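Engineer: Guided by the hints, dock chain R onto chain Z, whose structure is given.
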Amino acid sequence: MTTRSAVRIGAEPGRLPRTLILVIVGLIMAVPIIGMIEFTFRAGLSGGYTLDHWTGLVDEDAARTYRGLFQAIGNSLVLAVVTVAIVVVILLPTMILVHLRFPRLQRLLEFVCIIPITVPAIVLVVGLAPVYSVVVKVFGSAPWTLAFAYGITVLPYAYRAIQANLEAVDMRTLFEAGRTLSASWPRILWHVLLPNLRRGVLAASFISVAVVLGEFTIASFLNRSNLQTALLQVSKSDPWVATIFALLALLFAFILLISIGRLGRERKSSS
Amino acid sequence: MTDAPAPVSASGDAGTTSRRHPLRGAVAYIGLTPFAAYVLLFLAIPTTLAVGTGFFTDEGELTLANIEGLLAPNVLQAFWSSIWVSAVTAVAGAIIGALVCYAMLGMRPDGAVRSFVDAASGVLAQFGGVMLAFAFIATIGSQGLVRVWMQQALGIDIYADGNWLYQVPGLLPVYLYFQVPLMIITFMPALHGLKTQWAEASATLGGTRLTYWTRIAIPVLAPSFLGSLLLLFANAFSSYATAAALISQGAQIVPLQIRSALVSETVLGRENMAGALALGMIVIMVIVMWGYSVLQSRTSRWQR
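Read top to bottom, the protein sequences are chains Z and R. So for the first sequence, my numbering puts the first residue at 2; every next one is plus one. So for the second sequence, my numbering puts the first residue at 9; every next one is plus one.
Chain R extracted, bound-state conformation:
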């Protein structure tokens, strides 16, 4: 079908310039417009609207009241909870994930173990959401497999001080469950960037395993480890689905604050508060992702 017209158009082209530069000039720029328009409509405008509404009242007048609302004790508390849950799970996830990456170092990248770990990590890191909440309710919920087993076999009641799974501390194990896989996905390429020659050079010069790691591998990997750590932080900080499925009432973390601001039926004009909260989230995300890109550019120097 496509065979027929091609020779015609090639020989039929009047000007030689247009044949030599088939993607030249205005026509080529027109080719960029669908994507530009799409991104403008569904990314730029929504983001601007989300952040912008924070500066307006219900009646459309400019105000700073919503931004000042960010300083309310319960909002500050939510930001603090969000930050510490993200930080704790990012640090723990980064360390555990890096250990797994280290363990997989030297395994054949096309081997069965690597394929399994890669695919499973992808599923848990990018796909979990609501379903991870189910998994943890089935495991350490009040009738969960592990909770009941610990109670009966070990006599340990993990909820002796009350059920914390549906509170902020409950987010820790669940978030960790998608942080570790995300670390594996993002950090593994960096470990692969370690060249065998460096280890050989170190050994030739009489270096031990310890000196190789402390003097060569760890300094080389440090920026990429910290970069991955920031990505994990951003990932937990922006995650909503798992928390929403687990915590049905209350607004203990910022995404849940946005939920209650958006769906609140009792307090009018709260939608603009959602805008202010969105602004607060974006500010933190931009700082974190800026740090990530700085560290990332340092990393790529070694991967050339």
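Looking at chain Z on its own, in the form it has when it is part of the complex:
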């Protein structure tokens, strides 16, 4: 009923224009994805179709042929885990602390967390090279060390996801309530605050994983191998397999983001 009256008042589009806009834009956006799918079935660069490129992936030799690529996927997954750890161990406690104890620093924290949008990865990478020559001396050059840089890249996204959750839950009252019941603050943090922040933290983790799996610039300039740099490498010799993995990665990110949407809805329906 409300929808219909809103249409009559003029705030919302009618059925026809709505359908037209969504179908036309949707179809145009779908074309490149269809193009990718079609490409993975091509026998050569032009003409003829085959399933070989897909079946080749489950071949006995596949593990050897695509070793570099699988290695890179492994690196990206490790990076995703370490980046999420940085978000949970470094960013999350800071945000809770600022929210409860230093509300005046709130704007500063937000400003700092948004800076990575203003500093493009291609700019950051110019200055990261010298920083990483120190990192390599301290931590070695294992693939996971790249996560220090990725923690910065995901900062705006993770901040927004956690902040939305922090603002939706009345942390201060929960904290006061816990203290009135004479609970220690680690106990309040673990048993009261964190369970209430679960959704925000999960959403922040998922978006961080998606961003890390899509990252190319920093890895490429620091000569590290991750999913994206390996895809570009493989695409030069075997564009079909590179496209198949690109499709799978896009699908995986899509599932991650659908889950974030689910989390958001659960929150709304439960409160």
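Honestly, the hints are just simulated from the structure, not real lab data. What you are looking at is a predicted structure, and each value in this text was computed from that prediction instead of being measured. Misleading hints may appear alongside valid ones.
[To be verified] Per label pair, the in silico range of CB-to-CB distance:
1. T65(R) <-> P196(Z): 52 to 62 Å
2. I166(R) <-> R263(Z): 36 to 46 Å
3. A178(Z) <-> W88(R): 57 to 67 Å
4. V24(Z) <-> L72(R): 51 to 61 Å
5. V302(R) <-> R173(Z): 51 to 61 Å
All residues carry an ideal CB built from backbone N, CA and C; glycine is no exception.
Structural biologist: Same frame as chain Z, now just chain R:
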């Protein structure tokens, strides 16, 4: 596990003040140091180094030569290309994205269409990079699905004047492909901020659909539309991966100029030129993002 020690520490606390203010004073400030140190090491120092190197020579002497290098014709050309590609895709992306947002207005936010559009937009806007380049090579590359189909079915050769996909114009469709989703993500909340009461009030006072949009909705949405447009510009301007995957040689836009300055093996001392280019990029990004935050604060007034 955490159950046991808690009562002990609560009752065992000697001073009542420390129990009343468990996060008081120096201890609380210490809690901020890990984050501060992390941001200093991996954001502040790299940014300062990136911008700072532009002012030094290879030998570490102060110089303005690199900054003057920004005025070289090929560098100016790259900045110009970057700016117009970003501007064109930002304007087109903002308009198309806003139309999609308008079409989704009034749909249930938890409906299947909205969930799908939100997730797909997130993927394409934040995750694409190299893979979007693949998608467009497979679609409008010289053997691409659409290119071949247009040639055979319609007799139109989109590359009649030469293959432009791997040139600056080729960036337009590819960038647009992540600009539209980004617009949907950033502009949709603003459209949701439109209150039904405003439309009702307008209708009660005899307003038509046209007057509602021209007198109420568009003025209210304008700052947030322009803000999103600036964000799109910044997004395209700073994007590197897609361009790098598409254009393997040459330095037609600023991020590719930085690439060639960093990886150049033939010309020594070009690393400091990368610093100057980084400075140039930051200056433009700061101006754009400053405009964005000004518009954003105007928007939030309506969303209270």
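Engineer: Take the hints in turn and mark each one as holding or not.
Structural biologist: Hint check results:
no.	hint	in the structure
1	T65(R) <-> P196(Z): 52 to 62 Å	holds (56 Å)
2	I166(R) <-> R263(Z): 36 to 46 Å	holds (41 Å)
3	A178(Z) <-> W88(R): 57 to 67 Å	holds (59 Å)
4	V24(Z) <-> L72(R): 51 to 61 Å	holds (56 Å)
5	V302(R) <-> R173(Z): 51 to 61 Å	violated (30 Å)
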